[in-house]
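S.K.: Residue-level listing of the chains:
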Amino acid sequence: MSSESFSRRAFLGRSVGGLGSMALAHLLSRDVHAATPAQGSHFPARTRAVISLFQHGGPSQMDLFDHKPELTRWDGKPYPGGALEIHFDKQSGQVLGAPYQFHAHGQCGMELSELLPHTGSIADDITLIRSMTTGSVDHESALRIMHTGRFLAGLPGLGSWALYGLGTENENLPAYVVLSDPGGLPVDGERNWSSGFLPALYQGTPFRSGPSPVFNLKTPERVTAMAREGQLKFLKQLNGQHASRYPENTELSARIANFEIAARMQTAVPEVLDFSSETKATQQMYGLDNPITEEYGRRCLLARRLVERGVRFVQLFLNGQPWDTHDKNAERLKGLCARTDQPSAALVKDLKQRGLLDSTAVIWSGEFGRLPVSQGKDGRDHNRHGFSLWVAGGGFRRGYVHGATDDFGYKSVHDIVPVHDFHATLLHLMGLDHRKLHFQHEGRATSLTDSEVTGAAVVPSLLG
Amino acid sequence: MPIAHSAELPRIWCPWILSLVLVAFLAIRSAAASAESVATHWAFQSPYTPSVPIPKNSRSCRTAVDRFAQARLEKAGLSLGPDVDRATLLRRVTFLTTGLPPTPAEIADFIADRSVAAYDKLIDRLLASPRHAEKWARHWLDAVGYADSNGYFNADSDRPLAFRYRDYVVRALQRDIPFDEFVREQLAGDQLAGDQLAGWKPGQPATARIVELLEATHFLRNGQDGSGESDGNDDEVRSDRYYALESSLQILASSLMGLTVQCAKCHDHKFEPITQQDYYSLQAYLFPAFNIQNWVKPNDRFVYASLPGEMEVWEANDAKLTRQENELTQSYQRWVAAHRPRGRILFEDSFAEGRPLSERWSNVAPGDDAPAGIPPVALDSARAPAAQVRSGKLEILESGGAGDRWISTRDAFNWRPTATGDWIQVTFDLVADRVAEKGRGAERIGYLIGLHDFSGNGARKGGNILVDGNPAGTTTVYGEYPHAGSKAIGSIGSTGYAPGHNYGIRISRPTAKAWIMEHLVDGVVDGVPLEMKGDMLAEGGFGFEFCCGRSFVVDTVRVESSLGEDPAWAEENRQFAVQLVARRKEMEGSLKAIAGLKRPKPGKISWVSDLGSEAPKVPLLKRGDHRSPGDTVEPAPPAFISKTHPASRPERSGTGTGARLSLARWLTEPRSLQSALLARVTMNRLWQQYFGVGIVATPDNLGLSGSRPTHPELLEWMASEFIASGWSMRAMHRLLLRSAIVQQSSLPTRQGIEKDPSNQWLWRFPIRRLEAEAIRDATLAVSGRLDLSKTAGGYVPTSRAVSGEVVLDEALPGAFARSLFLQQRRSQVATQLGLFDAPSVVFNCTRRAQTTMPLQSLSLLNSEFSLKRAEDMAQRLEREAGEDANRRIRLAFLLTTGRPPDTKSRGMVRDFLISQRELHAGEKDAAFRTWADLCQMLLASSPFLYLD
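Heads up: the sequence lines are chains Y and G, in that order. Here my numbering is used: the first residue of the first sequence is 1, the next is one more, and so on. Here my numbering is used: the first residue of the second sequence is 465, the next is one more, and so on.
Possibly wrong hints are sitting among the right ones.
Unchecked claim - Each computed PhoX-like pair below joins lysine-lysine, with the alpha-carbon atoms no more than 20 angstroms apart:
1. Y:236 x G:729
2. G:729 x G:1086
3. G:1068 x G:761
4. Y:334 x Y:280
5. Y:233 x G:1368
6. Y:218 x G:1332
7. G:1086 x G:539
8. Y:436 x G:1068
9. Y:328 x Y:377
To be verified - Computed beta-carbon distance windows for the label pairs:
10. Y:273 x G:1253: 53 to 63 angstroms
11. Y:275 x G:1268: 52 to 62 angstroms
12. Y:244 x G:1279: 32 to 42 angstroms
13. Y:273 x G:1332: 54 to 64 angstroms
14. Y:291 x G:1055: 46 to 56 angstroms
15. G:987 x Y:93: 56 to 66 angstroms
16. G:696 x Y:77: 24 to 34 angstroms
17. Y:291 x G:1268: 43 to 53 angstroms
18. Y:77 x G:619: 32 to 42 angstroms
19. G:1273 x Y:264: 25 to 35 angstroms
20. G:950 x Y:273: 56 to 66 angstroms
21. G:1219 x Y:264: 54 to 64 angstroms
22. Y:82 x G:1273: 22 to 32 angstroms
23. Y:244 x G:1219: 16 to 26 angstroms
What the hints contain is simulated information worked out from the structure, not anything from laboratory work. Each residue gets a CB set at the ideal place from its N, CA and C atoms; glycine is no exception.
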C-alpha cells in the first residue's frame, strides 16, 4: 500500500467526510454504476417532517367532515341517485341519514360534526379536503394506494420515499418511526411501513411499547457497561485495521460509525420515550389524564417529541381497522372520535405553540370513505369515489376547505383530488419533485406518483 | 434509520445528481422503442461468438474472460490487479461457491499444497460439494421469487409444499443438469412427462423422473396468490386470480428473458418492444394452467405421485400404527365395559323377534294423546315412515319430508337427575346406517329424550331434546324439538356416527345447580360436556326420529340411571371414575406418541398442470381491466422476436394443451435469439453473484430501458460459451474461478481510484459484505453449531415473538440448519436475516440491496443469537485449542478471517484479553466471559462480515 496509498480525506473531500460519507454508503457502494437516480431535495422545502395519523378502515365523511342535509331529508327512503359501487352485500338501498349535528368553527367557518369539537378548535389551522378519490374499495388495495401510490403489494410507502429523498437530521434516532397501536397491528400489518424495493435502510422502524422499543436496543443484562465499552474499543481497532486497507471505502467507515450510532441510540431512544419533562398542562392537553384518550394521546405526544428531535416521518396506526363501520356506524364513530379527536387536535396545537407547525405537516386520513346508503340497518359500506381528510401545517393552507362531493356525499365533484395528486403536493412541500424522485426498479424509473401514467400533479390551491 | 445526510450534502451533490437524471432521461427518451433502436439494441441481436481480444499486456490473463476484461481495462488506462494471497483467495472462493468459510483443516491443506494443480483441485472439491448446490439454490430461488407463503392478503397463508420445489432446485444444481433442460422442466415438467404420464394416474406411485418433473412445475406457483382467501365480490375474486397469473408471467419474463413485460398489461410498453398484444399472447401460454373461469385455489393444487416403493413403506407403517391405535382404544373400551358400575336398568329392549314392537313402543309420546307427524309412524310395518323389528334389530324407515315424526318408549323417565352426583343415560347399538344394502347412508342418526308432546297440545315446556347424531363429526343438540321456538343448545362429542358402535348420551348433575349432557361412544365419554339448564330437561320417553334421509338400524336400547342413594355403589362409582381418568390419560399419551410416528401420505406435490386439455379462450384485457375483455389472443412469443424466431403451435398432450411445453421449447431453441437472451440473463446474474454487480446492472431488465452492459462482448462470449458447454453452470463457475479477475487483489490503487473509482472495469476484486444467509451460516459454522444434516424436507418454522421480532426457536429440530431451510414466509422474514437485506419476497428479487445501518450493529451486539454463538465459539476454542492463549487466538482468527493473526493483531488481542479480564474481575466465570467477549467482537467485525 505504501506507495499506492492516498489519503481518505482526499477522496472524501467532495462530500465533507464524516457522516456525509456514511449517508451515501448505500448510494456509493455500487449503485453509481447502476445509475440510481436522485436523492436530495429539488427545491426549498416548506416542511421538514410529516406526522401521519392514519385512520384505518375508511372514516365516514358524511358523518364527520362533509355535511349533507339531503341525507337527513332522504333518511330511510330509496337512494335517488342511481347505481352505487358497492363492496359487500346486505345493502338496503336506502339512504342512511347522518345523525350528528354540524357546527361552523373558527374564523373560516369550517363545518364539522359535533363528534369533533377539538378538531373544530383547530379549524383555522387546517386544510380540509372533501373531494378525495382513490382506486379501490378493497381495504388492503386502498391502503397500499394511500401509502405507496399503487394497489400492488410490496412497494415503498410515503415515509420510505421521503427518507430516500431527504435522509435524516438526527442520526441517533431512526428517521422513520412507526407508532402502532399497543392493542395490535393494523390491517395489512408491517407492509404499511415496508420500504418495498427501496433498500431496507428506508423502512419504518416500529417503536414498540415495553422495555425494548427497538429490536436489540437493550444491552443484555449479563453484559456489563464496562465490558461492553471494552468490547467496542477493541472492535473499533479490529475494524479500523481492516478499513485502513481500503481507505476509500465509505461502507466500511459507515459500518464503524454505525456501532457508535447504535450506542447513542441506546440512550436517545429511552430519552425520547421519557415524558417526565412534559408539563402537566401539556399532558392534559393530549388527554393523558383520561383513560379514553390516554393511549392515543401518549402516541401523539411521542410523535411531537420525535419530530422535535429531527425525526423525518412518524406514522400512527390503530389496531385492525376500527373506522370500518359496516354496522352501528353512528355509535362506533362516537367511540372512535372520543378516543382520537382531542389528542389529534392537541398535537396540532402543541406543534403550533412550539413553532414547529410551520415545518411539520400533520395528516389525518383513512384509505377511503363510505356510502350514503345503509348496509344492514345501521352501517355504511366502502366508497372510493369520495372521502375527506385533513392536513395541518407544513406549508398547507390554513382554515381552508378544498373541493366538494355531490349532494349525498357519494362522489367528489368539485376540485377532485386523487391520492397521487395529494402525494405530489406533499412531496412538493417537502422540497421533492414527485417527477424526479425515482428509483430504478422493474427495469424503469419507478416513483411514488408514477406521473407519466397517472398524470399526477401538485394541487396549487392546497399550498398556503 | 439514521442515514445522516448532512445539511450541506444535497447542494453539493445536486448538480451531479441532476446530470445523472438528465442522462437517464435522455437515455430513456432515445430508447423509446423505435423500430430502429429495437433492431440495434445489443440484447435483441442474434447470438454470435465474439473473438477474444488480444490485450497489450496479457501476462496476468489466465482465461478468455481475463482477456476481455484486460482489454477493457487498458482502454481506461488500467490493468488487472495482482494475485491475492492464498489465504484470502481460499476464503473468497469458498464463500463464493458454498456460502461458508473454509475450515482450519482446509486452510492448512490448501496453504501446504504448493502443487500446480492445488487450485484446480480446490475448485473441483468446492463445486462438487452439496454446500455449493445449497448456496446457489438460494440465488436461483431469489430470482424466481420462492416463498413458503401465498402472500397477497394480510393472512399470507402457508404454502406447505413449496419446499419440494426448493429441494428440486438443490438437486438439479448438485447434478448440474443442463440449464436449458432445467428451464424446460420448470415451465412444463408435467407436459414433458407427457408420454410417461399417459398411463399414470395421480395417486399412483410414479417414477423418480416423473416426480422430479412435477416438482419442477412449482416454478410457476412462486408468485403471490391470494385466491385461496378471496372473499370479495365477483370482480374482486377475478382480480385476485388474475393477479396470481400476472405474477407468474412477470417472474417468468424477468428471470428467464430479462424483460419487463408488466407495463404492457394495460398499454403497449413505453420503452420496450412489448405490445399489449404481446403481453396477452404470452399470458395465453400460462392461461390454461391459470384458467380464471376454472380456477383451483393454491393449496388445493397438488397431486400425489410417490416414488416407487415409497407408498408401500408408508402404507405398511401406517397400517401398523393404526392397528396399534385400535388395540389401545379397544382394550380401553373393554376395560371400561367390564368395570363400569352398572346403574339401575330402567328400560332395556333387544328387539327379540316374535314380540310386537307396539308392546313397549308407540308413535304417541307418554302422556300425549296423538301421534306426531303427518303421516304418523306405523309400527311393525315396512311402509314408511315405519319402525319394524327384523332379524332381532329395530329398523327405522323414513319417508322423506321435514321431521316431526318419532317413535317413543311407552315408559317415561325422569331426565332431570334430582340429587347431586346422579345421572341418567341412554345408549343403543348402531347396527347399520341404511336399511337396504344399497340404500343411501343416513345423513343423521336422530334420537330424542324427554319425549312428551309438541306444539299445540298445551304441553309442558322443556324436553323433546333432539340429539342429531352426525356421521361426519360433531353432533348438535336441539331443545323443544320441533317446536317453532326450537333452537340448538350446543354440540357434543367429536366422534362421528358409524355402524358397529354403541352411542348415546348421559345427563348428570355434578353440582346442585348444574346439569350436563355428555356424549357416549362405546360407553365412554366423548368430547367436552354440554351444559344444560334444569328447565330444558323434562320427564318423558326415549325415541328415534324419522326424517329426511335418516333410515337406519339399531339394537339394544338401554336406559339406566345411577344408584346414588346406595353408598356402596357410590363409592365403587367414585373409584371407577378415578381409575378411568388415569387409564384415559395413559391411553391418550400412547395415542399421541403413535400419532407422532405417523407421516403424511407420501408423494404430495404442489404443481402446475393445465386445467383441462381444451385451450381456453384468452382475452386481451383493455386497459388491463378484466371487466373490459377485448379480442381473443393465441399463445405467441413477443412479435419482435417471433417474427424471426416463431414458436411452434402448441400440440395437445395427454395432460393438457401443450402450450407451456411449446413456450419452453421455443425459449430454449438452439441458436435462437431467445435462447441467447436466456443465456445472457443467466450469465449476467452469475457475474453479479461473483462481483456484486452484473455486466448489466439491472439483472431483470436487459431491454432498452435497462442499464447498458459494461462489457457487452464479454457477456456475449460467456453466453455463447455457456451454450457451447451444454448449458453447464458448473463449467461456467469453473471458468470464472480459474480467471485472474476472480483471483486478483481487492486492495485499492491510486490509479484505480482516480480512473475508475466505482471499479466498473474491475481493476480489483470488489470487497463486499456477506449476504444475510452467509453471515448466519458462517456464524453457526465458526461457533461449531452448524447442522449440515438437514439437506431437504419441510422448512424450519420461524415465529413472531411478542416483541414483533421474527425468531427461531433453538429447541426445534433444524434450528441450526443452513438458512436456506428456514421458513421463507413473505411477511415473516427472520429478523436476523431481514436486517442484512434478505428480501421479503413480493415478486422476485434478482438483486439484493446491501445496506449498512445501526440496527445491524445492535443485532451483532445485543441479540441472543450473537451472544450465544460467541459463547459457543469460546467453548470451541477451549475444546480444540486447549489452554494455550496463542493457540486459541490463532484458531479464532483462522475461523473468522481465514488466516492466522499477524503480529499486530495478536498484540491487539492479547492487550484486549488482559484489559477485558480485569473488567470481569470478581465474576465467577471471568476467564470464559473474556474469551466470549473476544469471540463476539470477531463475529461482529468487518474482517468476518466482508469478503476481501
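S.K.: Next step is simple, just say for each hint if it's right about the structure.
M.R.: Taking the hints in turn, this is what the structure says about them:
{"no.": "1", "hint": "Y:236 x G:729", "in the structure": "violated (52 angstroms)"}
{"no.": "2", "hint": "G:729 x G:1086", "in the structure": "holds (9 angstroms)"}
{"no.": "3", "hint": "G:1068 x G:761", "in the structure": "holds (16 angstroms)"}
{"no.": "4", "hint": "Y:334 x Y:280", "in the structure": "violated (27 angstroms)"}
{"no.": "5", "hint": "Y:233 x G:1368", "in the structure": "holds (16 angstroms)"}
{"no.": "6", "hint": "Y:218 x G:1332", "in the structure": "holds (16 angstroms)"}
{"no.": "7", "hint": "G:1086 x G:539", "in the structure": "violated (50 angstroms)"}
{"no.": "8", "hint": "Y:436 x G:1068", "in the structure": "violated (50 angstroms)"}
{"no.": "9", "hint": "Y:328 x Y:377", "in the structure": "holds (8 angstroms)"}
{"no.": "10", "hint": "Y:273 x G:1253: 53 to 63 angstroms", "in the structure": "violated (45 angstroms)"}
{"no.": "11", "hint": "Y:275 x G:1268: 52 to 62 angstroms", "in the structure": "violated (22 angstroms)"}
{"no.": "12", "hint": "Y:244 x G:1279: 32 to 42 angstroms", "in the structure": "holds (38 angstroms)"}
{"no.": "13", "hint": "Y:273 x G:1332: 54 to 64 angstroms", "in the structure": "violated (28 angstroms)"}
{"no.": "14", "hint": "Y:291 x G:1055: 46 to 56 angstroms", "in the structure": "holds (49 angstroms)"}
{"no.": "15", "hint": "G:987 x Y:93: 56 to 66 angstroms", "in the structure": "holds (57 angstroms)"}
{"no.": "16", "hint": "G:696 x Y:77: 24 to 34 angstroms", "in the structure": "holds (28 angstroms)"}
{"no.": "17", "hint": "Y:291 x G:1268: 43 to 53 angstroms", "in the structure": "violated (25 angstroms)"}
{"no.": "18", "hint": "Y:77 x G:619: 32 to 42 angstroms", "in the structure": "holds (39 angstroms)"}
{"no.": "19", "hint": "G:1273 x Y:264: 25 to 35 angstroms", "in the structure": "holds (32 angstroms)"}
{"no.": "20", "hint": "G:950 x Y:273: 56 to 66 angstroms", "in the structure": "holds (58 angstroms)"}
{"no.": "21", "hint": "G:1219 x Y:264: 54 to 64 angstroms", "in the structure": "violated (38 angstroms)"}
{"no.": "22", "hint": "Y:82 x G:1273: 22 to 32 angstroms", "in the structure": "violated (57 angstroms)"}
{"no.": "23", "hint": "Y:244 x G:1219: 16 to 26 angstroms", "in the structure": "holds (22 angstroms)"}
Comparing the model with each numbered hint stated earlier shows that hints 1, 4, 7, 8, 10, 11, 13, 17, 21 and 22 do not hold.
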